[in-house]
Amino acid sequence: MKNQEIAKIFYEIAYFLEMEDVKFKPYAYEKAALTLEGLEKDVEEIYKKEGFEGLRKIPGVGESIAKKIEEYLKTGKIQYYEEYKKKYPINLDE
Numbered sequence: 000m001k002n003q004e005i006a007k008i009f010y011e012i013a014y015f016l017e018m019e020d021v022k023f024k025p026y027a028y029e030k031a032a033l034t035l036e037g038l039e040k041d042v043e044e045i046y047k048k049e050g051f052e053g054l055r056k057i058p059g060v061g062e063s064i065a066k067k068i069e070e071y072l073k074t075g076k077i078q079y080y081e082e083y084k085k086k087y088p089i090n091l092d093e
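All the letters of the sequence shown, read from the start, carry residue numbers 0 to 93 under numbering that gives the first Met the number 0.
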């Protein structure tokens with residue numbers, strides 16, 4: 000399921016934003032990650048059946064985060080996340 004992969008990325012984005020002392024955004028990414036982890040349906044199936052609007056219907060997923068989910072489903076990566084990984088080359092899995 001892509002849900003877990005995307006949730007992990009969102010947790011890491013939240014961490015990077017917290018490092019930069021950004022307000023509110025980290026919480027939005029953490030909330031979306033928690034929601035994705037708890038979804039019974041695979042986010043990829045939701046997207047295939049309902050498109051972008053289906054992603055927007057997921058609780059805690061706003062337009063910006065839905066766009067990032069869509070980007071991941073289409074390309075296998077999220078550019079916003081890739082930029083943070085370049086900026087902060089640390090391994091968050093440890």
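Keep in mind that the hints were calculated from the coordinates and are not lab data. Heads up, a few of these hints could be off.
To be verified - Distance condition first, Cα-Cα at most 25 Å in a straight line; then the derived PhoX-like pairs of lysine-lysine:
hint, residue 1, residue 2
1, K40, K22
2, K84, K30
3, K56, K85
4, K22, K73
5, K76, K86
6, K86, K56
7, K85, K1
8, K73, K84
9, K48, K85
10, K66, K7
_Going through the numbered hints above, which ones does this structure break? Give me the numbers in ascending order._
Hints 1, 3, 4, 6, 9 not satisfied by this model.
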